[in-house]
Structure formats: structure tokens, C-alpha cells
Amino acid sequence: MLAYWLPNTPHTLPVNATHRVGVGAFVMNDKREVLVVQEKSGVLKGLGIWKFPTGVVEPVKFSAQDM
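Residues in the sequence shown are numbered consecutively from 1, following full-length UniProt numbering.
Please keep in mind that the hints were generated in silico from the structure rather than gathered at the bench.
Among the hints, erroneous ones may be present.
[Said to hold, decoys possible] Simulated restraints on C-beta separations:
| hint | residue 1 | residue 2 | range |
| --- | --- | --- | --- |
| 1 | V37 | N8 | 31 to 37 Å |
| 2 | L13 | V56 | 16 to 22 Å |
| 3 | G55 | T9 | 33 to 39 Å |
| 4 | G22 | W50 | 14 to 20 Å |
| 5 | K51 | R20 | 15 to 21 Å |
| 6 | P10 | E39 | 37 to 43 Å |
| 7 | V36 | V57 | 20 to 26 Å |
| 8 | L35 | T9 | 44 to 50 Å |
| 9 | G48 | T18 | 48 to 54 Å |
| 10 | L44 | P14 | 32 to 38 Å |
| 11 | T12 | V60 | 36 to 42 Å |
| 12 | V60 | Q38 | 15 to 21 Å |
| 13 | V23 | G46 | 19 to 25 Å |
| 14 | T18 | I49 | 24 to 30 Å |
[To be verified] Below, a list of computed lysine-lysine pairs in the DSS-like style, where the Cα atoms sit at most 30 Å apart:
| hint | residue 1 | residue 2 |
| --- | --- | --- |
| 15 | K40 | K51 |
| 16 | K45 | K31 |
| 17 | K51 | K31 |
The beta carbon of each residue, even a glycine, is placed where N, CA and C say it ideally should be.
Please model the complete structure; the sequences and the hints are all you need to start from.
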């Protein structure tokens, strides 16, 4: 992650600062049924909580040849 600290104070970013891009989906079929899921792993696993599908975008490297 690139960061430029603007204030005239010491920066408070941790040395290992990074970012992740999250995604979510709202999916409805012709019967107006909405897709919901339960987590297979993580903190919500086994709690019986239904939610919209979510995930994280994996970093992708592009080169000039990909354009």
C-alpha cells in the first residue's frame, strides 16, 4: 500500500499496513427468491446466521500485453 502522511505529526500507520477489497452480491431469480448463504469457516461458522454472499478480491497483476 502506498501512503503519504499529510499532517505535520508522526504517522500512525502500522509497518505492515495493507488493504483488501471486499465484494458482496445480491442475487434474485425469476421467482423473486434471494440467494443467502451460511459461512463454511470463520467467526460466523456454525452460528446459523444467513447472509448475502461475500468475499475478497484477490490481487491480480496486469502487464501491457494484457491490455
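Starting from the hint list further up, note which numbers the structure goes against and sort them upward. When the structure is compared with the hints, numbers 1, 9, 10, 11, 12 turn out to be violated.
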